[in-house]
Amino acid sequence: MSILEIDELSVAFDTEGEIVTVVDRVSFDLEAGETLGVVGESGCGKSVTALSIMGLLPKPAGRIQGGDIRFKGESLPSLAPERMRDIRGNRIAMIFQEPMTALNPVQRIGRQLAETYLLHQPDLDADLIHRRCLGLLDQVGIPAPEQRLTEYPHQLSGGMRQRVMIAMALASKPDILIADEPTTALDVTIQAQILELLRDLQRETGMAIIFITHDLGVIAELCSRAVVMYAGRMAEQAPIRPLFAGPLHPYTRGLLASIPRLEDEPKTVLTTIPGVVPGIDELPSGCRFANRCPHVKDLCNREAPELVVGEPGHRVACHRWREIDA
Amino acid sequence: MKTATTDSRLADSASGRSPQRPSRLREGFTINPQTVKQWRRFRSIKRGYYSAVALVVALILSAGAELLVNGRALIVSYDGELYFPTYGDIIPGNTFGRDYEYETDYRDLKALFKEQDRGNWVLMPPVPYGPLENDLIPGYFPPYAPSFESGHYLGTDQTGRDVLARLIYGFRIAFAFAFLLLLCNYLIGIAVGCAMGFWGGVFDLLFQRVIEIWNMVPSLYVIMIVTSIVIPNFWTLAVVMVIFGWTQMTWNMRTSTYKEKTREYVLAARALGASNTRQIGSHVIPNTISVIVSFIPFSIAGGIFLLTALDYLGFGLPPPTPSWGELLAQGQNHIVTAPWIILSVGISISIVLIMVNYIGEAVREAFDPKKHAYYQ
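Note that the protein sequences, when read in sequence, are chains B and D.
Be aware that the first sequence starts at 1, since it is given in the working numbering, and climbs by one per residue.
Be aware that the second sequence starts at 1, since it is given in the working numbering, and climbs by one per residue.
Worth flagging that the hints you see were computed from the coordinates, not collected in a lab.
Be careful, since some hints might not be right.
[Stated by the list, open to error] So the derived list for chain D, only partly shown, Cβ under 7 Å to chain B, looks like this:
(1) GLU264
(2) TYR265
(3) ALA268
(4) ARG270
(5) ALA271
(6) GLY273
(7) GLY281
(8) HIS283
(9) ILE285
(10) ASN287
Remember, predicted model here, so these are calculated numbers, not experimental data.
Idealized CB from N, CA, C, for every residue including glycine.
Pulled out of the complex, with its shape left as it was, chain D reads as follows (with noise of 0.2 Å):
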C-alpha cells in the first residue's frame, strides 16, 4: 500500500501539467514517468507480476543453494570449536575425530554425535544432500522413493542421487546458462543488427544474405556433432550455441535501426556534430530499448528450453552435471518403476517456463506502444 501512494506521487509530479507547482522530487533523480507507467502498469498484470517475483525470490535462494541443499553440513561443533564446512575446501573425516582421510561424511558425523551426546552436534541444511552424492541403502537398487525420514523429498535417482538436489542446482546451471546466452546473443545481434539498420546499403544486403545462410545451417545438428567430437563444458557449449543464437537479434534490431535513424532527433543529433557510434548508441539503442526488452524473457526461456533437450538427448552437459534434461531422460526410463523423477521434473520444467512466458507476456504489455502517447 505505501508503495502504492509512491507511486502515484511521483506520476503526478512528473506528468508537467502545472510547471509552476515544484516537482516534489526534484532534489537529484527523478524517474522517467514513462518507466513509472511502463512499471505500474506491468504490476498490474497479476500473473506476470507474481511469476517474477516468484522467480527473483527462486533465483536468490537457489544462488545460496549451497546453503540450503548441500551434504556439508552449516555448522559442526566439535570440542567447543564451530567449524562452518559449506563452502571452501573439504575438510576430512579425521578432523572430527573419524579414522577416514577423506570427505567427513555429515550425516553420519550428525548420528555419532547424537550417540556419543558429548556436546558436539552438527547441523545441516534442510535438504542433506548435495547433487553430487550417491546415497545408498545397502542390500536396495535405487531409484529410491521420496521419504520424509531420509531426506530424500523427492526420492532419488536411478543412482542413489537426491532428486530435489539436481533439481535445484539444475535450476541454477540453466538460468546461469540461458543468461549467459542472452547476454552474448544480444551484444553480437544488436551490434549488427544496428550496423545493418544504420549504414544499410551494401553492407545490409551483405549481412542479410550470410544470416539466412547461417540460419540454414541446421543448429542442433551442428552442436550435437561438436559435442561428440569434444567434451563439452559450460562455457565450450555456450560458446557453440552462441555461434548459432546470435542471429535472431539481427532482423528486429535492423527494423527498429532503420525506422529510428530517420527519425528527426537522429538528424538533430547529427546537424549537432555527433558521430556515428554516438548516434547508435545514446539515440538509436536507447530508442529501441523497449524491443530488446520485451524479447529477453521469451529468450530466456529458449535458453532453457535448448539446454534442456541437449542434456535430454544427452549432447549437453557432460555427467554428472545436475541437468534437468538428463533427469526428464531418467524419469522416461523410470516412468513405472520411478514415476517421481519425471513428475518432479516435468512439473519444475513446465512451472518455470509458464512463469518466464507469462514475465515475457507482461513485460510486453507493460511496453505496448499503443498504450503511450507516442510523437509520430
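Next comes chain B alone, as it looks inside the complex (with noise of 0.2 Å):
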C-alpha cells in the first residue's frame, strides 16, 4: 500500500512578479517500508519536492500550482495548518543538509530533543521524556548520552550533530523520514557510519525513507526504488537494479557514465555531459534536457516528452528511449 502518493505535482515561485514553475509535473508514489531515492544535479527540484510534502515552501514566493500530496489517503495542501502541524513532525519527519545550523544555538540538546515530545505529546511527565531522549541518543549512537543532552550544539562535531538531527527525527516513531542531502555536509567516513546508522533504524522502525541525494553511489547503497530528476521534472523512475543496469533516459546514463570506475584506464579524462542546466527562467518547451542530449531530434524541441512506462515498473520521459535503447 502506498503510504505517500505524489500526484502530478507542480510548484510555482513567484519572483517579482513573475512566476516560475521549478517543479513540474511530479509524480511517484511512496511504499510503507522502502527507501525511495531522489536524485538529481542541485536546483532540478529536489529539495523543493520534499519541502512541500512538508507544507514548508518557503513563502509568500512558494506555492503549490497543481497537483495533489497524498498521506494516507488525505490530502496534506489543503489540511488546515494546526492539523499539519500534527502530522509534521509526529507522522513526518525531516532532515536537512546542514547538521551546522539546523539546531539552535542557544539551547542544550535535551531541550531540542525534548521538542518532539513536547510538541506532539505534551501529557508525557520529565522523567519519560528525559529517559526517552537518552534511548534516543543511545539509539543514533551517540555515546556518553546523559552527558550530551547537557550539551550545546557548537560543543558537538558535525557527525554529532547530524545524529543528533536524526535523533529529533526519530522522536515520534515517524511512518515518513524525509532526508534532504544529510550527508552531504560530512566528509565521507562519517557519510558511511550515518547512511549505515539510517538503514539500521529503518530496520528497526520499518519507516519509509525519502532520500535526497545528488550521490547515485548513495542511491545505490541505501535505496530500493529512485526518482532521476531534472530541471524540475521527472526523467526517470525504476528500481534501483534496472536503474543501474539498464537505464533508459539519456540523463540517466550520462550520469552513470559520469562516475569514474576502478577499471577505468588510469589518466583518462572524465566523461562528462556536455552544456548546462537551462536556467529556470529560460526553460525549453520541448524536452528539458534537448540542449544537452546526444540523441536530440526535432520533437524533443517541439514536445516535452510524457512520462511513459518502458518496462514494468520502469518509467521514463523521453520521445526517443526505445530507438536508442542499446
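Assembly of the complex is requested from the two constituent chains, each provided in isolation within its own frame, with the hints serving as guidance.
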C-alpha cells in the first residue's frame, strides 16, 4: 500500500512578479517501509518537492500550483495548518543538509530533543521524556548520552550533530522520514556511518525513507527505488537494479557514465555531460534535456515528453528511449 | 582569585574538546560556555565591570535609602521600650512625652534626650534629613551652605531641603522610572518588532509606515502638553512616555527576526511541527538576546536623561517629588549664591550616566559576535 502518493505535483515560485515553475508535474508513490531515492543536480527541484510534502515552502513566494500530495489518502496541501502541524515532526519527519545550522545554537541538546515530545505528546512527564531522549541518543549511537543532553550544539562535531538531528526526527516514530542530503556536509567516513545508521533504524522501526541526494553511489547503497529528476521534471523512475543496469533516459545514462570506475584506464579524461542545465527562467518548451542530449531530434525541441512505462515498474520521460536503447 | 579559578575550570570542562573526559560539573546544571566567555570578557573590561559593581551597590543601598537618609530615627529608646519609626505609620510626638500630636521631630527629640540624660536615646540615620523636610534656621533664608555640623553634607536647596537626601531619593526614582520604561518599551517593541519580522508582508509594511508616522510626532512637546493639562504622577508619566518610546526597539527586533527566521534551525523547528509563537518564543528571540541585552544600558541612560530633562523643564513629576531635574533647575537659578546645588547634581548626573554608558560599552563588547565562532 502506498503511504504517500504524489500526483502531478507542480510548484511555482513568484519571483518579483514573474511566476516560475520549479517543479513540473512530478508524480511518485512511496510504499510503507521502503527507501526511495530522489536524485538530481542542484536546483532540479528535489528539495522543493520535499518541502512541499512538509508544507514548508518558503512563503509567500512559493506555492503549490497543481497536483496533490496524499498521505494515507489525506490530501496534505488542503489540510488546516493545525492539522498539518500535527503531522509534521510526528508522522512525517525531516532531516536537513546542514547539521551545523539546523540546531538552535542557544538551546541544549536535551531541550531540542524534547521539543518533539513537548509538541506532540504534551502529557508525558519530564522523567519519561528524559529517559526517552537518552534512549534516542543511544539509538543513534552517541556515546555518553547523559552528558550530551546538557551540551550545546557547538560542542558537538558535525557527525554528532547529524546524529542528533536524526534522533530528533525519530522521536515520534514517524511513518516517513525525509532526508534532504543528510550526508552532503559530512566527510566520507562519517557519511558511511550515517547511512549505516539510517539503514539500521529503518530495519528497526519500519519507517519509509525519502532520501534526497545528488550522489548516485548513496542511492545505490541505500535505496530500493529511485526517481531521477532533471530541471524540475521527472526523467526516470525505476527500481535500483534496472536503473543502474539498464538506464533508459539519456540523462541517467550520462550520469552513470560520468562516474569514474576502478577498472577505467588511469589518467583518462572523466566523461561529462556537455552543456549546462537551462536556467529556471529560460526553460525550453520541449524536452528540458534537449540542449545536452546526444540523441536530440526535432520532436524533442517541440514537445515535452510524457512519463511512459518502459518496462514493468520502470518509467521514463523520453521521446526516443526505444530507439536509443542499446 | 578564587572565582577566577572556578571560571577557568568551567570553561575547560564545557569546551568539550575531549568528549571522553566526564565534565566536572555534570550534576544538574551547567552554564553555557558561551555565557561564561561573555561574562569573562565583560569582567575583563575594567571600567565597565567596576561601573556595574558600583552601580549595583548604589542601587541596593538606595533601595534601603530610608535607613540611610531619613528624618525619622532608626531606633528610639524611650522609657525602656524600643521604637523603630523608619517604616510604617507616623509616631505622634506625645508618644515620647512631647506636647504635640503631629509626627515627632526626631532630631529635636535626640537633642532633648541628651539634655535630660535619663537613659533615653535616639539613633538617627547617617544623613538625618528626609527628602521632603524643610529644615529652616530662624532668621536666615535658605539655601544653606554645606555643613557637617548640621548634617547637611551637601547643603540645602532654596526651601531648606537637604540636597544629599534629594539626590539619593531622586536617584532611586530615576532608576525605577528608567527600569519601568525599559520593561514596557521592550515588551511592546520586541513583540511588535518580532511580529513584523516574522510575518513580514503587508503587516510589516503597514507597521513600518505607522511607526514612521508615529516617530514624526514631536514626543517631547506632546508630553509637555499632556502634563500641563493633567498633573502627572509616576505612572501616568511612564504611560505617556511608553506611548512614544516603544518604537525604538521594533527596528532592531524586526531586522534580527528577519535574519533569524530564515535560519535552518527555525525551519527544522517548523518541520517538527512547532507553531509560530513557539518558533518565535523559543528559537527566534533567544537567538536575538545579544541584540536586546546590548541595548539595555543605553535605554536606561536614555530613560534617566529623559526624566531629568522633563523635570528640569518643570513638566515631569510634580513637586515636591525629589528629582534631579528639579535640582538642576534650582541650581541654575542659584548658580552664584548657592553653587553647591548645581555642583552636586551636575556631578551626580555626569557620573551616573557615564557609568551606565561604560556598562553598555562593556556589554556590547562582551556580546560582540566578531569574537565568537558563530555559525554562518
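Hint-by-hint comparison with the structure:
1. Taking 7 Å as the C-beta cut-off, the interface hint given for GLU264(D) holds, the closest approach to chain B being about 4 Å.
2. Checking TYR265(D) against chain B: minimum C-beta separation of about 4 Å stays under 7 Å; hint holds.
3. Given hint, ALA268(D) at the interface with chain B, holds; its Cβ is 4 Å from that chain's nearest Cβ, closer than 7 Å.
4. Evaluation of the ARG270(D) hint against chain B yields a held restraint, the C-beta minimum of about 6 Å falling below 7 Å.
5. The beta carbon of ALA271(D) comes within 4 Å of a beta carbon in chain B, closer than 7 Å, and the hint placing it at the interface holds.
6. At about 4 Å, the closest approach between the beta carbon of GLY273(D) and any beta carbon in chain B falls short of 7 Å, and the interface hint on this residue holds.
7. Interface hint at GLY281(D): violated, since its Cβ lies 12 Å from the closest Cβ of chain B, which is beyond the 7 Å cut-off.
8. For HIS283(D), the interface hint holds, since its Cβ comes within 7 Å of a Cβ in chain B; the closest pair sits about 5 Å apart.
9. The criterion of a C-beta within 7 Å of any C-beta in chain B is not met by ILE285(D), whose closest approach is roughly 10 Å, and the hint is violated.
10. The restraint placing ASN287(D) at the interface with chain B holds, with a minimum CB-CB distance near 6 Å, inside the 7 Å limit.
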